[in-house]
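Novice: Here the protein sequences come in this chain order: B and C. Residue 356 in the numbering used here sits at position 352 of the first sequence; the count goes up by one each step and never skips. Residue 68 in the numbering used here sits at position 48 of the second sequence; the count goes up by one each step and never skips.
Hints are not guaranteed to be accurate.
In silico BS3-like pairs for lysine-lysine, Cα to Cα no more than 30 Å straight-line [claimed, not checked]:
1) B:Lys156 <-> C:Lys41
2) C:Lys296 <-> C:Lys41
3) B:Lys302 <-> B:Lys373
4) B:Lys368 <-> B:Lys334
5) B:Lys302 <-> B:Lys334
6) B:Lys157 <-> C:Lys41
7) B:Lys334 <-> C:Lys115
8) B:Lys236 <-> B:Lys209
9) B:Lys334 <-> B:Lys378
10) B:Lys128 <-> B:Lys236
11) B:Lys397 <-> B:Lys373
12) C:Lys115 <-> B:Lys128
To give an idea of the chain C side of the interface with chain B (calculated C-beta under 8 Å), a few residues [what the hints assert, rightly or not]:
13) Pro131
14) Gln163
15) Thr168
16) Ala169
17) Asn193
18) Asp200
19) Met205
20) Gln211
21) Ser223
22) Leu225
Quick list of simulated restraints, FRET-style, between CB atoms [as the list claims (entries may be wrong)]:
23) C:Phe118 <-> B:Arg92: 31 to 41 Å
24) B:Pro193 <-> C:Ile127: 46 to 56 Å
25) B:Asp192 <-> C:Pro135: 53 to 63 Å
These are computed hints drawn from the structure, not numbers from a lab. C-beta: ideal position from N, C-alpha, C; glycine also.
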Amino acid sequence: MARPMVMTLFPDTQAFAQRSTDAQPALSVRNLTKRFGNEMVLNDVSFNVAEGESLVLLGPSGSGKSTTLRIIAGLEQPDSGEVILHEREIENLRARDRNVGVIFQNYALFPEMTVAENIAFGLKIRGVSSRKRLEVVDRLLEMIGLGEQRNKKPRHISGGQQQRVAIARALAYEPEVLLFDESFSALDPHTRVGLRREIRQLLRKLRVPALFITHDQEEAMELGDHIAILNKGRLEQIGTPQEIYNDPQTEFVATFLGAANVLKGEWQDGLICLDSGYYVVPPHEAFDIHITDGERVKIIFRPEDVLLSTIVGVAESPYHLGEGEVTEVKFTGATEAVTIRLLNTQLRPSRPQLVTSISEPKGKEFFIKALRTKWDARRIRLSPGDRVSISLKSHKLLRGEC
Amino acid sequence: MNAVAYQNSSVKKKRHFDVAKPAGISLVVLAMMPLVIMPLLSIFIFGFSKGPIHFWEALVNPAAIFSLKLSLITSTVATVCNVIFGLIAAWVMTKYEFRGDSALMIIISLPTAIPTAVAGFALLLLWGPFGLLGRFLEDTDWQIMFTTAAIILANIFVTFPLAFGTIKPAMENFDTNLEDAAETMGASRWQTFRYVVLPSLRSALITGALLTFARSIGEFGSTIMVSGNMMMKTQTAPLYIYARYNDGDVEAANAIAIVLAIISFAIFSLIMIFRKRLER
């Protein structure tokens, strides 16, 4: 052991609480880079996890999130970069010397050991006496509510129970960080939601830093104090769930976490010429920054931020995007989903007034997805073919190709 | 569609008496009678034909007892060696990719294809008095051929791939996540192997050991070449059966044959049990 183990009896939150007074992040990953052959799996990834905080690495498969976890756990070597766990550089340590707890995707419980033996394994390896091991196992079993299953083999308990055992097993030796590798994906939705809540409460209580790996945005929102979005080995954005959702910095972030409309085009003479050949009016803030003609821009907005009105040309919110034609209305219960074909907005040559015209698009037409509350749906009833004015309650203007 | 077709076929089977079924079963049983069942029955019938006392006397003959003991000991040693070897070989062949790994795989599996007499002969040519290596032993006190060591060596050679063959698939099926898990929990390689890998391989190890032992204890072809077939010295149970029979002492041969058959039945039943566990 590179570091003397403080073997307090679990769940003694003292040790965790003490660490949390430090201003230093509990886990710090710096400039992590990893290639498999020619493929760049991780490209200069850096992030911190504060004491007692949970960070979710969210990304599609192949984004490098699992590799990041395996590097932190010591199961994979980075090409370059540092992993710092409680001010200790660990990237060159063997996995067994790092004192991390990993909850694997399939839980990786030892099939030939009982539930109790699984939980005790980390302590047994550390040479803890059998009497103390028993005490810790008893407490953990009580905590996860599986006291009666203690002598069962993992295959004889349910998936949710296996998950709890995996967590108890990782907690038993008081790791300095918990790493969850897609740990909920194998569970049925009902069990998953319940377990997530339990784990969230448990982590709050123990104040042990945790890193979750997932591709499930709902899971990310619920579990993460912070979310880091990974795409093709790059960290696109890191922030609180609110920040990520409300203020996405890239198109990928906007579309991966939640649904989003993305209008792409280029700046032309004070209007945005969309790739379809249609024009839309830019948002106000576009005029505060200098955008040159021909520069690529994107307007990104969430379906629930779309405001529809039948009075053509009247802006109901800060940003009036233009006009459209309803093509589909779908009632889904709590909300109504409306699809609108965006129409062309042009400047009438004689007067600087905006008009909307229907003309053949040059490229693929843009269809806008809107979500309306029951209240709005009842107030302004829409059906396919209706002309509507489209305003946005909230939007994001991105420059360049990001 | 499928369901309908299936129903039709089952109806058809019920309506028409299918001659092929009873005829097929009878044919198989009839073939088994002279090939397997009757020969096995006859050793028991002949063995006990002159009463249990004769059987017992043939059995407690010192040379008979010695041959049984020798067979058990040499088979046990060969089994232990080949299980350990099989475990290591399976580990290497599963974990690592290297140049020539398929060639090594063929060499490990080769002994199954080689006739046992050829195997014994090959050992003689290597370790025998004029053998490639044996000639260097000639002037020393160390002798391998015509000793217990030779029998063990022949057994190892002949049963070489058996344990490996059962352990390797089990090792391939082993979830490497478990090793990762053990490692992150602080286990060393040895601890991981000892507490996590080995318990998962238990059924495969036992099956492999039983197969090796069953094959060893009945080994004749290679043993007769390398052992010298010396009574009370290097005569194993199968050699004893052959020698007694050649001397016209059918009862003595028969008594040991019965013991060997019973041991084989027992091992076979155990193998069936552990095979089932392996499949689980």
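Novice: If a hint holds in the structure, say so; if it does not, say that too.
Specialist: Each hint, compared with the structure:
1. B:Lys156 <-> C:Lys41: violated, 45 Å
2. C:Lys296 <-> C:Lys41: Within the cut-off at roughly 28 Å; holds.
3. B:Lys302 <-> B:Lys373: This hinted pair holds, its Cα atoms lying about 16 Å apart.
4. B:Lys368 <-> B:Lys334: Holds - the C-alpha atoms of B:Lys334 and B:Lys368 are around 23 Å apart, at most 30 Å.
5. B:Lys302 <-> B:Lys334: holds, 27 Å
6. B:Lys157 <-> C:Lys41: Cα-Cα ~44 Å, so violated.
7. B:Lys334 <-> C:Lys115: violated, 55 Å
8. B:Lys236 <-> B:Lys209: violated, 34 Å
9. B:Lys334 <-> B:Lys378: holds, 12 Å
10. B:Lys128 <-> B:Lys236: Violated, at roughly 40 Å.
11. B:Lys397 <-> B:Lys373: holds, 14 Å
12. C:Lys115 <-> B:Lys128: Cα-Cα ~26 Å, so holds.
13. Pro131: Status violated, d = 31 Å.
14. Gln163: At about 45 Å, which exceeds the 8 Å cut-off, the nearest Cβ of chain B leaves the hint on C:Gln163 violated.
15. Thr168: violated, 37 Å
16. Ala169: Where the cut-off is 8 Å and the nearest Cβ of chain B is about 37 Å from C:Ala169, the hint is violated.
17. Asn193: C:Asn193 check fails; min Cβ-Cβ to chain B is 11 Å, beyond 8 Å.
18. Asp200: holds, 5 Å
19. Met205: Status holds, d = 4 Å.
20. Gln211: holds, 6 Å
21. Ser223: violated, 10 Å
22. Leu225: violated, 13 Å
23. C:Phe118 <-> B:Arg92: 31 to 41 Å: Since C:Phe118 and B:Arg92 have Cβ atoms about 36 Å apart, the given range 31 to 41 Å holds.
24. B:Pro193 <-> C:Ile127: 46 to 56 Å: holds, 52 Å
25. B:Asp192 <-> C:Pro135: 53 to 63 Å: Cβ of B:Asp192 to Cβ of C:Pro135: about 57 Å, so the range 53 to 63 Å holds.
The structure fails to meet hints 1, 6, 7, 8, 10, 13, 14, 15, 16, 17, 21 and 22 from the earlier list, while all remaining hints are met.
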